[in-house]
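2 protein chains.
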Amino acid sequence: MIVRKLSEVQGSDRHIHSKGWDSVRMLLRDDKMGFSFHITTIHAGAELHMHYKNHLESVYCISGKGEIEDKATGQVHAIEAGTMYALNLHDQHTLRAFDEPMVMACVFNPPVTGAEVHDESGAYPALAE
Amino acid sequence: MIVRKLSEVQGSDRHIHSKGWDSVRMLLRDDKMGFSFHITTIHAGAELHMHYKNHLESVYCISGKGEIEDKATGQVHAIEAGTMYALNLHDQHTLRAFDEPMVMACVFNPPVTGAEVHDESGAYPALAE
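These protein sequences, in sequence, are chains S and X.
All residue numbers for the first sequence refer to my numbering, where the first residue is 232 and numbers rise by one.
All residue numbers for the second sequence refer to my numbering, where the first residue is 232 and numbers rise by one.
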């Protein structure tokens, strides 16, 4: 059994910071769960363009408000506490946080590796390229 | 892209009720994410004995307080908002919620199927048998 507290992982090398967001990796590939699990904060006012070509991701909003734009359809979905979105089609999307940070519980399949995250930490948005 | 709100799934056939807990299945196997994602509430005062022989599960506490006992070691870990535990060894465990409900974000690998949950909804604790 693995037990970890958010406060313990914050500030460690599993806590990744980038422009407009930061992410606390509670579970990575090495934990051998078959997925990774991150508590990611989208900073207030941030707008992020993202495209995970190699991963499926689900995101559950714990707190905050914002929106996600599906680039394939142009549709915009409101996000608030209790909203989940799943990028089952590797969907290109734009994520916007409004006046307060959005705290999100994120699951990646296949699991993110620490090394991959470290290499690409600034490149999450750039994965669209 | 799949977008669902907790409030929309509550009360649907994806919202499973059992003794001491209920679970809102935000993502099931049919969603083809390779995992399932549930918002599960452990009711105040509940004590649950569980053993998922066929699944790996991670659980992140969004709110509430309680504890988890690892049956293999006897060790008891406090649970509060921000605590995550992962049953990477299919760990037998006892989960207890204290004076308020514990709201948990749960990930299962392989994903739970709706039918499986329906058949076994009362049998989560009994999976230990």
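These are calculated hints, taken from the structure and not from any lab test.
Bear in mind that the values here come from a model prediction, so they are computed numbers and not experimental data.
From the three backbone atoms N, C-alpha and C, an ideal C-beta is built for every residue, glycine too.
Misleading hints may appear alongside valid ones.
Here are some of the chain X residues that sit facing chain S, going by a computed Cβ distance under 7 Å [stated by the list, open to error]: (1) Met232; (2) Ile233; (3) Arg235; (4) Met264; (5) Ala275; (6) Leu279; (7) Met281; (8) Leu287; (9) Tyr291; (10) Tyr316.
Results of checking the hints against the structure:
1. Met232: holds, 4 Å
2. Ile233: holds, 4 Å
3. Arg235: Nearest chain S Cβ about 5 Å off; hint holds.
4. Met264: holds, 5 Å
5. Ala275: Ala275 of chain X check fails; min Cβ-Cβ to chain S is 20 Å, beyond 7 Å.
6. Leu279: violated, 15 Å
7. Met281: violated, 12 Å
8. Leu287: This interface hint holds because 5 Å falls under the 7 Å limit.
9. Tyr291: holds, 6 Å
10. Tyr316: Since the shortest Cβ distance to chain S is 5 Å, the answer is holds.
Taken one by one, the earlier hints fail for this structure at numbers 5, 6 and 7, listed in ascending order.
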